[in-house]
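Visitor: For reference, the chains in residue letters:
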Amino acid sequence: MVAAISRKRFLTGWTAFIILFFLFFVILPTIYILSYAFTEWGSIEALLEDQGRMDLIWGAIGASFQIAGIVTVIDIVTGLPMAWMLVRKDFRGKNLLDTLIDMPLAVPTAALGFSSAMFFAITDESLQAPSFALGTIGSPYLLIILLHVVFSYPYMVRSLSAILVQIDQTYETAGRTLGASPLTAARTITLPLFRAGLVTGIILCFARSLSETGGTMIALATMANARGFATGPTLIGEWKDALDSQPDLAAPLAFVSILLILLSLALLVVIKLVVMRVHLPMGRIWPRPERLLSRGVFPKVKDGLAVLFLVVFVLVPSFFIFTYVGSVEPTAFDWAPFIRSLLYSFLIAGVVTGIDIALGVPLALYIAKNRSGRLAGALDVLVNVPLIVPTAALGYSLGVFWASQEIVPTHDVLLIVLAHVAFTYPLVVRNVAGAVEEVDPAYEETARTLGARPVQAFRRVLYPMVKSSILAGAIMAFTRSLGETGATQAVVANAQTAPVYIVDLINLETAAGYYSAGLACIMLIVISFLFMLALRYVTNRRAR
Amino acid sequence: MPSVRLIGLRKTFGGIKAADGLDLEVRNGEYLCLLGPTGAGKTTALRMIAGLVSPDEGKVLFNGEDVTNTPVEERKAALLPQTYSLFPQLTVEENITFGLDIRGADERLKEQVLISMLDLVRLSGRSTAFPRELSGGMQQRTALARALASGADMLLLDEPLRALDARLRISLRTELRSLVKSLRMTTIHVTHDQDEALVMADRVAIIREGRIIQVGTPKEVWDRPATPFVANFLGQSNFFIGEVLQSSPCTLLRTPDGTVLKGRSSDLIPGTQAVMGVKIGSTELSKERPGYLQAKVERILFEGRNLHMDMMTGGGQRLSAKLPSWKKGRITVGDTVGIYWEEEKGTVFSMPANGLESELKVE
Chain A
1 MVAAISRKRF LTGWTAFIIL FFLFFVILPT IYILSYAFTE WGSIEALLED
51 QGRMDLIWGA IGASFQIAGI VTVIDIVTGL PMAWMLVRKD FRGKNLLDTL
101 IDMPLAVPTA ALGFSSAMFF AITDESLQAP SFALGTIGSP YLLIILLHVV
151 FSYPYMVRSL SAILVQIDQT YETAGRTLGA SPLTAARTIT LPLFRAGLVT
201 GIILCFARSL SETGGTMIAL ATMANARGFA TGPTLIGEWK DALDSQPDLA
251 APLAFVSILL ILLSLALLVV IKLVVMRVHL PMGRIWPRPE RLLSRGVFPK
301 VKDGLAVLFL VVFVLVPSFF IFTYVGSVEP TAFDWAPFIR SLLYSFLIAG
351 VVTGIDIALG VPLALYIAKN RSGRLAGALD VLVNVPLIVP TAALGYSLGV
401 FWASQEIVPT HDVLLIVLAH VAFTYPLVVR NVAGAVEEVD PAYEETARTL
451 GARPVQAFRR VLYPMVKSSI LAGAIMAFTR SLGETGATQA VVANAQTAPV
501 YIVDLINLET AAGYYSAGLA CIMLIVISFL FMLALRYVTN RRAR
Chain B
1 MPSVRLIGLR KTFGGIKAAD GLDLEVRNGE YLCLLGPTGA GKTTALRMIA
51 GLVSPDEGKV LFNGEDVTNT PVEERKAALL PQTYSLFPQL TVEENITFGL
101 DIRGADERLK EQVLISMLDL VRLSGRSTAF PRELSGGMQQ RTALARALAS
151 GADMLLLDEP LRALDARLRI SLRTELRSLV KSLRMTTIHV THDQDEALVM
201 ADRVAIIREG RIIQVGTPKE VWDRPATPFV ANFLGQSNFF IGEVLQSSPC
251 TLLRTPDGTV LKGRSSDLIP GTQAVMGVKI GSTELSKERP GYLQAKVERI
301 LFEGRNLHMD MMTGGGQRLS AKLPSWKKGR ITVGDTVGIY WEEEKGTVFS
351 MPANGLESEL KVE
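Residue numbers (my numbering), protein chains in the order written: chain A, 1 to 544; chain B, 1 to 363.
FYI, nobody ran anything at the bench for these hints, they're computed from the structure.
Note that CB positions come from ideal geometry on N, CA and C, so glycine has one too.
Just so you know, not all the hints are guaranteed correct.
Below, computed lysine-lysine pairings styled on DSSO-like, alpha-carbon distance capped at 27 Å [as the list claims (entries may be wrong)]:
(1) A:Lys369 to B:Lys296
(2) B:Lys262 to A:Lys369
(3) A:Lys369 to B:Lys76
(4) B:Lys76 to A:Lys8
(5) B:Lys262 to B:Lys296
One-sided and incomplete, this derived list gives chain A residues near chain B with beta-carbon spacing under 7 Å [claimed, not checked]:
(6) Trp286
(7) Pro287
(8) Glu445
(9) Thr446
(10) Thr449
(11) Leu450
(12) Gly451
(13) Ala452
(14) Arg459
(15) Val461
(16) Pro464
(17) Lys467
(18) Ser468
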């Protein structure tokens, strides 16, 4: 009896600890900067008077949101036919295409930014480049759009195809036996069922584009004429870098972060409401033209264009770096600092992943098992916040939060780890909570009636069933941490993680710097690719 | 083996009363079926006995000892869920020894128990198979062996035969019962299938809206239902409303149109309103005898062993009857028949407080 009571108390205490950790180490630091608007309103008021800075801020924020919007639209338009092909059609090379789509996910955005900028924007004057580079994009705005399409496109295709797989094809078949042409059936029957997938896809793409820092900075740096153009996150990176010498940048930094956090959260709500509520006039039917478009060369042209887009605007830019490094004159590469930065990154990613698992799995269990409860429901919503908030703003907010207190020492490594935990923690929680929810609670209950204590029931019954999801979440968290630039720079301006090191190399603007950056990118790509393979292996095994 | 007593259990889930003053006594070594319609609170009652749900009010006693706050794993009451929940990552053998492993039993004991269990449930040849490789019947037997091997002295079966196909379900009834009885386990078996409950149970407890309405042997609950609901839930009944004229040695009931019906003796006060229930299987038809009342045959359904007859009386009441199939052809649609029954087959109940219709509702 006594043992039972103390065990119950221990469990309650442990649950409370996990929830408090989540609230105080993940959520609160993420949005702490919002309090700046109340405590330091005076300095923000002064900033509002400063026309020059305000123009910069609005320009950057506006550019961020415009780019994210345009990128998302491009992703939907080009991703939909691709998702359709992957799910509904059978053709030779389908598996290859399926793998190719995931490839850009394996490339850290820093490497992706360098590679894409090289392909799209490098001209002979600025850099010795392979002669087959596109090299025609002169506008930084356009370049960033193209870059963001490269890395957000796979997310959109994946979200759309995940839903498409689940939609029962018999609806469409029924529609067609009733006389609808393939296009009409797909458009009027399947597409409206698609909203949930579309919401996920849009939010993922929008958030990724809005949040992206490393790749964007590198692309802008590579394109030597880009000075002056900035997005919200790059502005944070730039100002944070200069904060030590110009302390008056604190207010503008806080203001940009607040804007990014509030606008991105507001956008999340708006997207959910708009996409789920607005009814497009899907019911209208144009039998003749739709029948015509369903036949002959049109479907083939559509599929051909989808593949062409994938190759030219996604795959080639992702891996162009290989041709660059392979074709230019090798220069001396100083391995030592790069290896050091790589080890530093690995150390951080490793620690971060460890924390994510140790403290994320219990929260996931709590959320999954108390789904109907109000607290668990609220936590489930809150978990998404760090995924939506641009990481640079998150990083800055978190840095200010930890600097404002005196309990936890503000050591650089510790701050970076805490920042990375904040945005990778949700990845583990979401993965594991999803998996646990799919397991019938009867398994654990039965184990308990057979004499297993709660811990035994978890370890022997539930854990083997969700192991692969924990691993998948861990690998995602690890690769995200490894590739992150924005948050790292926003907490510690001169941190020497691998992506930041690459940014610094490019900022040298020398042939040797570019070459070294290219080589470093390739190594990062190879390492990330190995992790990606591991992830695919793990998740495939789970599906079997 | 323990006896179980539930005293005044109450449990509400978001406004829905799953247990509403539930009292029940299960004897030592007894096979008790908890029978009731979907949503009556059967599973909640079982889960409160297992300790998976804690009651808002009331007590659970094992052998007279209060276990209301005892953790699940210390109650020695093994649950067999509807879908068996065999652990998919473990083999048959590992599933069966799960309970022993948990308690750190030594290898010799494990070996012994395993061999006797595999023997008992006739799975010796499949001990290294995984659950997904087994047929439904084998899975059920594995789950049973796992529960028995865990050292539990009480079995909680939640619709244990539901996931099996119809033929197997019927053949496994006797098998499951004799296996459990041979081990003298106290068993509580939840089901919504009246035939299953009547065939398998020592005693049947009928539950409705979170309360036990009647407990008794299968014969008692069939022949002497406590309420119109029980009369209708077990085997379907025809009901007649009327005024009690006398209650002994037999009960006489006068319907509004003046017909006088006969039923078993009761303790109802003459002059009060009452309901008489007659099982449709006990309702007899005749073209020659006038019977208590007359009705016109509207429909005859051939059910194989039986004929199901639907009739309408002159007063517009629908009645049903079940006749053995060999009587086919003697009565046809459109015939007017006399309806009668043996006096003993008519059970008279006092008028339900909320009227007959709501009393008979299954949801």
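Visitor: Compare the structure with each hint and give your call.
Guide: Now the hints, each set against the structure:
no.: 1; hint: A:Lys369 to B:Lys296; verdict: violated (58 Å)
no.: 2; hint: B:Lys262 to A:Lys369; verdict: violated (57 Å)
no.: 3; hint: A:Lys369 to B:Lys76; verdict: holds (24 Å)
no.: 4; hint: B:Lys76 to A:Lys8; verdict: holds (19 Å)
no.: 5; hint: B:Lys262 to B:Lys296; verdict: holds (21 Å)
no.: 6; hint: Trp286; verdict: violated (48 Å)
no.: 7; hint: Pro287; verdict: violated (47 Å)
no.: 8; hint: Glu445; verdict: holds (5 Å)
no.: 9; hint: Thr446; verdict: holds (4 Å)
no.: 10; hint: Thr449; verdict: holds (4 Å)
no.: 11; hint: Leu450; verdict: holds (4 Å)
no.: 12; hint: Gly451; verdict: holds (5 Å)
no.: 13; hint: Ala452; verdict: holds (5 Å)
no.: 14; hint: Arg459; verdict: violated (10 Å)
no.: 15; hint: Val461; verdict: holds (6 Å)
no.: 16; hint: Pro464; verdict: holds (5 Å)
no.: 17; hint: Lys467; verdict: violated (9 Å)
no.: 18; hint: Ser468; verdict: violated (11 Å)
The structure shown violates the earlier hints numbered 1, 2, 6, 7, 14, 17, 18.
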